Each structure stands twice: as structure tokens, then as C-alpha cells.
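Asks: Read off the chains here:
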Amino acid sequence: MTLVAARPEGTTDEVVEPAPEPEPATDGAASQHDILIINYSGELEKTWATMLLASTAGAMGVRCRVFVTFWGLQNFVKDDKWITGQNWMQKMMSVMQRPGISHRKLSKMNFMGMGPWMMGQLAKQQRNPSPKELLAIAQEMGVEFIPCQMTMDMFGLTRDDLIEGMGEPVGAATVIELMAQGSSPLFI
Amino acid sequence: MAVIEISQRVDARGLSCPMPIVKTAQAIKTIPSGAYLEVLATDPGSTKDLAAWSRTTGNELVEQSADGGVFRFVLRRK
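Read top to bottom, the protein sequences are chains A and B.
At position 10 of the first sequence the residue is numbered 1375 (this note's numbering), and the sequence of numbers has no breaks.
At position 67 of the second sequence the residue is numbered 47 (this note's numbering), and the sequence of numbers has no breaks.
Calculated directly from the structure, the hints in this document are not laboratory data.
Watch out, some of these pointers could steer you wrong.
Unchecked claim - Computed beta-carbon distance windows for the label pairs: (1) A:Glu1505 x B:Thr22: 21 to 31 Å; (2) B:Gln6 x A:Gln1462: 27 to 37 Å; (3) B:Arg35 x A:Lys1489: 49 to 59 Å; (4) B:Gln(-12) x A:Trp1482: 33 to 43 Å.
What the hints assert, rightly or not - With a cut-off of at most 27 Å between alpha-carbon atoms, the simulated BS3-like pairs for lysine-lysine come out as follows: (5) B:Lys9 x A:Lys1497; (6) A:Lys1497 x A:Lys1470; (7) A:Lys1411 x B:Lys28; (8) A:Lys1411 x B:Lys3.
Claimed, not checked - Simulated coverage check for chain B against chain A, where a stretch passes if three residues somewhere in it have a Cβ under 8 Å from a Cβ of chain A: (9) -9 to 4; (10) 31 to 44.
Just so we're clear, the structure is a prediction, and the values are computed from it rather than from any experiment.
C-beta: ideal position from N, C-alpha, C; glycine also.
Just chain B, same shape as in the assembly (with noise of 0.2 Å):
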């Protein structure tokens, strides 16, 4: 697999709902259509709301892992 180009990071971290869509609402208006955008959260719930904001969006979240209570996404925009 290529290696992913971040263009833009967002850090969420310590914002609680909605915070984090609303951080990478806005990013991801930032960066060109196939560009990568880097999300960090620690909100728990943001697992299943960033997954949600990707389907309904169609920008697509490509990489999620957690590590140490930090949560990281990355998505592509459309």
C-alpha cells in the first residue's frame, strides 16, 4: 500500500461532541478532492460519529486506530 500524504491535520483532542465533526467539517474543505486529512480525538464516541460523518458525507475514512486513549482517522475527501 502507497504510503498516505496527510495534508491537513485536525486535533480534537479534549472536545467533546460534536467538536470533532465539526473540526473536520471544516478541514476537510481545506485540502483537494483525494487529499488526506489527519483527525485526532479522544471523545469515545467519536469512533462511531466520524464513521457516520464519513457515509453520509462519502469522504472516505480510510485508516482508524486507537492508541492510548487517543483516537485517530484518516479520511480522503471526495
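Extracted from the complex, chain A is given alone in its bound form (with noise of 0.2 Å):
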């Protein structure tokens, strides 16, 4: 069976052009894609770079989106919460593990909280930023957080737990069209 339009006689093939991108908003010289960055893991080393990868991508002039799901939102708590959640269960994780960008622990290494200590001094004495530092840098370059609403939910987060400055929650569908439009993505 072949699938061929009938065509009055006389017309002639026309090609409708798909509209022109816009522009990238960017400094850019050359064309850019997007970055997108899935920050899942909520251990320290991959927070920093998540974070140091993000505010590179923000001075460079490139646009990018950083999705928070899973453990990455702890992240993105406020340093000074100890508890969080709405029912027993969720409380007593964010005990087991104390959110915030500043707790994060290692995933080898950690010896208590000794690791991530030692790991903290010798950025100071080899003068790297912080993931608390390089978060504030990525911000301030206009990089875009973007919490999973799903994830908040589970752990019962409300937008008053997470720090300021984040982007509306989104699901995964928000996360797979940007990717469908070429955003490069990495998971971290």
C-alpha cells in the first residue's frame, strides 16, 4: 500500500520552513546547547561537582538548568534544618541523615564526619570554594535549581525548607523534554 496525498494538478510542492530557533541568550560567540545537570547524589564529593561544574557553566555564559531529585534535595535544604518532613517516617530520615548542603558526607572515607572535615581543610589550604560557596556563585550567575516535585514529596519538603533563590518543582517530564530539545545532559 503506498501512502501518496492526492495532489490537485497544477500545485506545486511547497515546503513549510519549521519557525527559526531563537537565539540562545547568551554571550555566546559560537552556537551553545543548554546544559542540564541531574543532580541526584546528595554525597559530598559528587555535590561539589555538581556544584563546580554548574557555576563553570554560569561565568562561562552557557545556559544552565540544574534538576534536584532524590538525594541531591538534601542539598538544598537550609543548612540550619534538623528535621523535616510531615509524618514520623520522613522525620526520623532527615535525622539519620542531616540535610543540608553543609552536612553532606563522603562516600568512602567518611570515618564519622573526619573525612569531610579533612576534605574541607585542604580545600581551604589549597583555596577551593566550598559546594556551599560555588552553590552561591551558580545562583549569582543565573544558573537555574530546579527541585523535583516528586521527591519533595516523598521526604514531605516544602519550598520553606529549601534555600531561597530555587525554581519552581517540575517532574520528569519537564526534565525529558529539555533533553528532547538538546539540552546536554549529565547526571551526577
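If you follow the hints, you should be able to join the two separate chains into one complex; please do so.
Replies: Written as C-alpha cells, this is what we have:
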């Protein structure tokens, strides 16, 4: 079976050009893709990498969004929060692992906080900015941090639990759409 | 070649990745288009990184030199 649309005699092929893509709102010289980082991990070392890349993207004028999901959302709970959540299980989970970007644990060599403390001291010696400082730089440079609605519901987190300047909570479809449109994805 | 008049300086000596780039990005916003920014850094990675920053942002890297472990860059704001 062939699917050829019947066309009246004398008409010519008419190619409908798609509307041109709007230019990205960056200072960039060459054409650039947006960057989409999925911050899944709440471990210190991976959080560090996320914040470092996000702040650098911001400094380079590359549009960067960070979708914050699952353990990653713990990085964006205010540092002074101890207990978050609505029910006893959610509250218990926050007590078992204190949220906030300054209270991240290493995936290895944690040693009851000795590892992260030593890592922080080494970073200070090398004048490396901490994840918290990098996060502030990234926000100042226009990087968008977007919380995952599903994770917020699961951990019982409210907008008030999260740091200032976060975007509207969204779901997986928004993330997939951005990737389908050509954002370079990075899952950390 | 005309003498380059530096409008603003960034001292990123002793700072490590990504701070030389971050400081450069912050400083370039404070000078007008066509003006020059000087950046000093000691991070060896900054030689490649500042070139990448220049290409990506379109702010031209007009001079680059090294002197005793200090790297000097001159950038012209787009």
C-alpha cells in the first residue's frame, strides 16, 4: 500500500519551513547547547562536582539548569534545618541523615565526619571554594536550580525547607523535554 | 601595535579551578565593550581554561604570557 496524498493538478510542492529557533540568550560566540545537570546524589564529592560544573557553566555564559532530585534535594534544604518532613518516617529519615549542603558525607572515608572535615581543610589550604560557596556563585551567575516535585512529596519537604532562589518544582516530563530539545544532559 | 590600556585587573593568583574563570566572568561585566581586562593566575589549568572561556563567551584573548609560574592574560570585552 502506498500512502501518496492526492494533489490537485498544477500545484507545486510547498515546503513549510519550521520557525527559526530563537537565539540563545548568552554572550556566546558560537552556537551553544544548554546544559542540564541532574543532581541525584547527596554525597559530598558528587555534590562538589555538580556545584563546580554549574558555577563554571554560569561563568561561561552557558545556560545551565540543575534538576535536583532524590538525595540531591538534601543539598538544597536550608543548612540550619535538623528535622524535615510531615510524618514520623519522613522526620526520622532527616534525623538519620542531616540535610543541608554543609552536612554532606563522603561515599568513602567518611569516618564519622573525619573524612569530610579533612577534605574541607585541604580545600581551604588549596583555596578551593566549598560546595556551598560554589552554589552561591552558580545562583549569582544565573544557573537555575529546579526541585523535583515527586522527591519533595516523598520526603515531605516544603518550599520553605529549601534555600532561597530555587525554581518552581517540576517533574520528569519537563526534564525529558529539555533533553529532547537538545540540552546536554549530565547525571551526577 | 597600539598600547593596550587595562581597565580592570583580576588577581586570581593562588586560586584554583574554577575561581580564575569565575573572577574573570565577574570582572568583565564591570568594564565597557572593547575595554581590556588583565587576569593574573597561578593555576596551571587556567591557561587552557581561560582560552576556553574566551572562545565560549566571545571575549577575545589578546595576550597570554607566563612569568615565573604566574600566568598573565589580557582579554577584550566583546
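Asks: Against each hint, give a clear statement of whether it holds in the structure.
Replies: Now the hints, each set against the structure:
Remark: the range hint 21 to 31 Å for Glu1505 of chain A to Thr22 of chain B is upheld by a beta-carbon distance near 24 Å. Against the hinted window of 27 to 37 Å, the Cβ-Cβ separation of Gln6 of chain B and Gln1462 of chain A comes to about 34 Å, which satisfies the hint. Restraint check, Arg35 of chain B to Lys1489 of chain A: a C-beta distance of roughly 32 Å breaks the suggested window 49 to 59 Å. Between Gln(-12) of chain B and Trp1482 of chain A the beta carbons are some 37 Å apart, a value that agrees with the proposed interval 33 to 43 Å.
With a CA separation close to 23 Å, the supplied pair Lys9 of chain B and Lys1497 of chain A stays within the 27 Å bound. In summary, the hint linking Lys1497 of chain A to Lys1470 of chain A is supported, as the alpha carbons are separated by about 14 Å, within the 27 Å threshold. Between Lys1411 of chain A and Lys28 of chain B the CA atoms are separated by roughly 24 Å; this keeps the pair inside 27 Å, and the hint holds. For the hint pairing Lys1411 of chain A with Lys3 of chain B, the CA-to-CA distance comes to about 23 Å; that is within 27 Å, so the pair holds.
Residues of the segment -9 to 4 of chain B with a Cβ under 8 Å from some Cβ of chain A number 9, which satisfies the need for three, so the listed coverage holds. Counting residues of the segment 31 to 44 of chain B whose C-beta lies closer than 8 Å to any C-beta of chain A gives 7; at least three are required, and the coverage claim holds.
In this structure, only the earlier hint numbered 3 is contradicted, and the remaining ones agree with it.
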